[in-house]
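Which chain is which? The protein sequence lines are L and H, in order.
Letter by letter, the first sequence follows residues 1 to 485 of the working numbering.
Letter by letter, the second sequence follows residues 1001 to 1104 of the working numbering.
There is no bait here: all hints are sound.
Computed Cβ-Cβ distance ranges for the label pairs, DEER-style: (1) H:Ile1085 with L:Phe185: 45 to 55 Å; (2) L:Tyr425 with H:Val1015: 46 to 56 Å; (3) L:Lys369 with H:Ala1026: 46 to 56 Å; (4) H:Arg1028 with L:Gly193: 42 to 52 Å; (5) H:Leu1060 with L:Pro446: 52 to 62 Å; (6) L:Ala4 with H:Val1071: 21 to 31 Å.
Honestly, the hints are just simulated from the structure, not real lab data.
Please read all numbers here as calculations on a predicted model, not as lab measurements.
We treat Cβ as the ideally placed atom computed from N, Cα and C, and that holds for glycine.
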Amino acid sequence: MNLALFGPELTLTATALAVILLDLFIERKGLLALLSIAGLIVSAGFTVALWGTSEGAFFDTFAVDSFALFFKLLFLGIAALVILASTDYVSKFERFRGEYYALILLSALGMILMSATRELISIYISLELTGISLYVLSGFLKDAKSTESSLKYLLLGAMSSAVLLYGMALVFGVTGETQLDKIAFAVYSITLGTASANPALILGVVLLIVGFGFKIAAFPSHMWVPDVYEGAPTPVVAYLSVGSKAAGFAVILRVFSTAFALPDWLSSSWGVIFAVLAAIGMFVGNLSALPQTNIKRMLGYSSIAQAGYLMVGLAALGAAPFAGVLGQSGVLFFLAGYALANLGAFAAIIAISNKVNSDLIDDYSGMIKRAPVLTLALSLSLISLIGMPPAAGFIGKFYIFSGAVHSGLLWLVILAVINSVISAYYYLRVVKVMWFNEPASDEKVPSSGALRLALLISSLGVLLLGIAPGPVLELARNAANMLGF
Amino acid sequence: MPSVGLEHYLVLSAVLFSIGLYGVLAKRNAIIILMCLEIMLNAVNIALVAFSRYVAPTLLTGQVFAIFVIVVAAAETAVGLAIIIAIYRRHDTIESDKIDLMKW
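With the rest of the complex left out, here is chain L (with noise of 0.2 Å):
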């Protein structure tokens, strides 16, 4: 076997294990940052260098293909944002911030072994690989919130996970194989009929989708979400907001799009599952947002109403999963973009609560005035996140949902549409109260070069993916076609 192929996912370990270790004998914990991106940076670079190959690794249970390399090169940078915009936050710790950095790049880790794997063993072990780190980091702060918020998100990612592997466990039952392809050459001859009198194949499936939809924040597993944006750190919540959910989205088209896309039966059932889910997920999130006074607690609300946006592409693809990709590619497109908005969200609003101390949207009152280039970021990265021209939310949705209308899902796309609508109001409230209200205080909001670095990088992206979408577009349509269409 060929370690190159295992390049980006070494380099990453051996960056955070470097960390840990430097840490031990470093004053400057700057510079812990600055090695932290400098791995980030190496292991793109291998990304990059494997691109076109499609390979298998590990007796064909890794993947190296478009697909993988797509998501990859995401989560890298969603990592190196987040640690750009959290150098300011850390430097306040006064104790682990080598952990810190190492438990980011050990759960970025996890996300790229995620969009990889495509075996059921190994991911279940990436999956918990990503959400450990992600447990420990929610509870960085050790105050009463941030505790309670760490073990609110490790008890329903601990059931949800033995959920998912009771899943597991009778799709491994029903067809004796654990690799997807192999799944699907066994599940391929089973006719509705003996499935029905042997349910246990349905009911393998309906739990990996609850199981999976924790990681997505998706409807029935979503109840974490709320609780675990407003306590968490404000980075590690950036990071798992965005990184957790790719992730999750990247499992389910690679377990779904290869090991249950036929026989039709199936295929349209899990779609009929997943755009129930959606429906319900996107009227939750949105009404439940609409009330919120916290704006951490706001997004995670939006976020939920966002994965069901997401499911769409989902529902698109079990409705008629051999129709074209319009509606996969249209979901990687949409990941990238909210991947880069939700980052610049986050990243003003670390600064600004860095000096208001509050999350309260109340507080963000004439912002302009005192932060004019975090309220400018911020109020993009909301504008994109209603999907409004010119903004990347729009092409990925406009993406979404044509392909969901290609595979008969008018209902679906007009209730979708109707809460986007829903969602305006929460978002632009929130730039309605930074640009006209009367600021508290004449004091302007600091901002460091990292933070200040984050937001441009992702405000410039949100900006270049809304008004030249073609080149990612064209990446996300050959990663989706990866999927054994």
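We have chain L already, so just place chain H on it with the hints.
Same frame as chain L, but now just chain H:
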């Protein structure tokens, strides 16, 4: 006398899983919730090993899967206990209904 077959193991596994799930949802003490999570994971292990024995007896995939589950569950419990200690220091309780700073 009928011999013990796959369905017996599966029923045992389903019963254990349900007991664990009930415990997670109904119990208040965080440590007991962690124990119930362990029951759920071990129910999965029983199912995995039984499937491995009866469905794919020539491969050891199910057994290997179960071993991985045990290892990950140990890691998860270690982190869980650490978080519970941190909770106890801040909240002076590990009753989950009293840890309610954040609510709707």
